[in-house]
Amino acid sequence: MFNWLFRQNTAINAVVNRFISQPFPAATTLVEHSPFLVLDLELTGLNPRKDHIVSIGWVPIHQQEIVLAQARHYLINSPVSVGQSAIYHGLHDRELKSAHDIADILTELLNQYAGYVFVAHHSKMDEQFLRFACQRCFGKAPRFKFIDTMQIEWQRLLRQGKVVKHDALKLPSCLQRHGLPPMANHHALEDAYSCALLLLSQLKLGGNAMTLGDLYLLSR
Amino acid sequence: MEVADVIHFLAQTTPFNQLSEANLGQFSSHINVVYCKARDKVQVNSDRLLIVRTGIFALYSDQQKLLTKLQAGDFYGYQQLLTRLTDNDTLRCEEDGLVYWLDAEAFHQCRYQYKNVDIFFQRLFSRRLHQYREQQQGSRFTLKISDVVQQRKVAIRPEQSVQDAAKLMSDHRVSSLLVEEQDKLVGIITDRDLRNRVLALGLPASTQVNHVMTRQPHSIDFHAYLYEAVQQMSQHNVHHLPVMAQGICCGMLSATDIIRSQQDHPVYLIGEIHRQPDVDGLERCSQQIATLAITLNKQQVPAHEAGHIITTITDALTQRLIYLAQQKLGEAPCIFSWLAFGSQARMDQSLNADQDNALLLEKEPTGAVAEYFSELAEFVCKGLAQCGVTLCPGNIMATNPELRLSLKGWSGRFARWIATPTPEALLKASIFFDLRVIDGSKGLFNALQQDILQRTAKAPLFLYHLAQAALQRTAPLGFFKNFILEADGKHKKGLDLKKRGISLLTDLVRVYALSAGITEVNTRRRLQQLAEKGVIDSKDSLNINDAFDLLAQLRWEKHQHDLQQGHDVTNLLDPMDVSGLARHQLKDSFAVINDAQSSLKHRFCRDM
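Respectively, the protein sequence lines represent chains A and B.
Just so you know, we're using the working numbering here: the first sequence kicks off at 1 and counts up by one.
Just so you know, we're using the working numbering here: the second sequence kicks off at 1001 and counts up by one.
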């Protein structure tokens, strides 16, 4: 279970190094041509120093198409008990027995999706947890490019001159506002898929000429 | 990996509800999901099956004709997957939505594995062919509320005053308001309510809207058909229906909206023409004729009916111009009839017809009378030209003083043609023997027509020469039943459908009609009466009728084609441009003309 503790060596660093060596698309790239990976993490808590990733779900977007063939969902071995957080994500310790090693999953993620722009709803949290996990596994964390659909939504609503209540930015409210199918229960892949739909809708609203650079600005 | 929303949707969608749960998961991993915004064009020529998840998509043929609308659970692309033939259809998103693209491999695998899925798509394919035909028959009946209603909501709160309501109505130029309380529809109020329930009862302007509004009004669904709305309106005797989409009110449909949607109907154009105060207004109206013609074609109106409609519009333009001329010049000094010759008289005008008209006067045209009608003719003919009915190159127009005659003058002229016919004179004069009154006195016209017919029926020499003139040109069919093409200077080679087809038949039928004293001038009606009177064999009559219809249809379609391509409208058809079947029919029609011409020769040119 604690294998990852002993695997911190330069060979493993290669995973991170390879990810870093792959450049991100230029800021002038049109969003419709940019590859995205939309992901969602379920966590034991909110503190990246203390808490852990319980499950991860992702789905890539190529040429504005969500590719379900490459959708993934993994349960992650946690070094600590899931405890109280099971109330939210519905994952209990016994189910996590058949789970994967975080290092294996991070290796798959970094190997396959180098050069992808990552997307999440309230991405700050996901980004921090991913970086901490990489640091622990590989002794080194790469710099990710993250797009935050929540931030985009906030800016969009502000520009329309609307008063934005906190609840209005939660994923289910956003889906409803965009006329997208409602979410199934809390589940990393479901959330990632819904977030991907939201992103597609937001990209369409941005128009044909929108570049990645524009998107980074919106997502700040 | 399965996404619950995708699986859930597929499990509810025929025919994929046949799939086992395990296969469904496998199946869903062959799907790409795309989000479309309204007005997006969806790329359809990929080797994949499109499944609509949400939203509305309109499918257009390559002629931009609406074929069908796709909604959640509908498919597109199975045609191509089944037959490997590509369509030139376009799919346009009308309401934001999600589509799934299923790759070909999974589609075929699924058909192979589940017989019912295969049968489903095969049937869907054959039904679509059927759908194409059905759609063509009556787009008028398939209009939906969503095609017509403006998504513009003008609403008022129930506690506001009727004065506010009246102000809101005049600000937005509407005749009715939705009454809404917290985004929920509670009633409607119309201008009629303001009159009947407020003013007539002497209620003050501060009366609250909820005292006089109609509570729980009848409403109609956004996706309902227009005829359903018409039905509801007449059933409940109301003129306004709130339009509901998913329980939320999104606008108001008024009787006026429905009428406006039917405006491409010729009746409305004619009504419009009779309301125009000046020639410029008429010119604007006449610009709609081209769009009307395209609509008529889309609705598969047969050529002879379309010709009738176009003629009716020219008639209306003429009548209105005569009215306007009289407004300007004052009452006519005597009774007159405005006559039309040629195609306008026969009611088979085409889009490139020119003017052939004249005046028949009660009095001899001298002095003030002559001056008045000269000005009237000038006004009307110029006006018609401005409306796109080109001036007659042969000067057969009322502006020509030789064609403004009294009954006696006309009668004398016809008598001369009939008594001493020379072939050349008749070739030009044959057009005068198809005549119809457009405006003015019918009695005056009838007197002239009876006079002519009495003379022609008893004039074998005249009929001989008329028949000779009709036989001068032959159908463009060679000895080996090959087409003889001709060139007309500007255009490439082709068959002149008018000169070497339709005209031959009208000329030929005219000879029979004049010999039998038939008052009808329309070629089809002449044929009908000739067969009824036993002048010609009813089988021959039907054959000629069919040939005439076919040629007229081909010419009509040619004109439509020219119009859509933005070319000048011409009668020259390249036989390679039409289908093999049409080519065969064309040859048959020319053969009918040849036969009919030889029996005409036999009948009228034998004894001489």
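In short, the hints are calculated from the structure, not lab data.
Note that the coordinates shown come from a computational prediction; the quantities given were computed from them, not determined experimentally.
Where is the CB? At the ideal position from N, CA and C, for every residue including glycine.
Errors might be hidden in some of the hints.
Derived CB-CB ranges, DEER-like [said to hold, decoys possible]:
id, chain 1, residue 1, chain 2, residue 2, range
1, B, ALA1072, A, ALA26, 35 to 45 Å
2, A, VAL163, B, LYS1115, 51 to 61 Å
3, B, LEU1082, A, HIS100, 34 to 44 Å
4, A, VAL163, B, GLN1012, 35 to 45 Å
5, A, ALA209, B, LEU1201, 51 to 61 Å
6, A, ALA209, B, ALA1255, 42 to 52 Å
7, B, ASP1171, A, ASN47, 53 to 63 Å
8, A, VAL163, B, ALA1022, 47 to 57 Å
9, A, HIS100, B, ASP1103, 35 to 45 Å
10, A, GLN70, B, SER1020, 18 to 28 Å
11, B, ASP1574, A, GLN22, 22 to 32 Å
We went through each hint and held it up to the structure:
1. B/ALA1072 / A/ALA26: 35 to 45 Å: This hint holds: roughly 38 Å between Cβ atoms.
2. A/VAL163 / B/LYS1115: 51 to 61 Å: 57 Å, holds
3. B/LEU1082 / A/HIS100: 34 to 44 Å: Between B/LEU1082 and A/HIS100, where Cβ atoms are some 42 Å apart, the hint holds.
4. A/VAL163 / B/GLN1012: 35 to 45 Å: Holds: the Cβ-Cβ distance is about 38 Å, inside 35 to 45 Å.
5. A/ALA209 / B/LEU1201: 51 to 61 Å: 59 Å, holds
6. A/ALA209 / B/ALA1255: 42 to 52 Å: Since A/ALA209 and B/ALA1255 have Cβ atoms about 44 Å apart, the given range 42 to 52 Å holds.
7. B/ASP1171 / A/ASN47: 53 to 63 Å: 58 Å, holds
8. A/VAL163 / B/ALA1022: 47 to 57 Å: 48 Å, holds
9. A/HIS100 / B/ASP1103: 35 to 45 Å: 28 Å, violated
10. A/GLN70 / B/SER1020: 18 to 28 Å: 23 Å, holds
11. B/ASP1574 / A/GLN22: 22 to 32 Å: Since B/ASP1574 and A/GLN22 have Cβ atoms about 59 Å apart, the given range 22 to 32 Å is violated.
Hint violations for this structure: numbers 9 and 11, all remaining hints satisfied.
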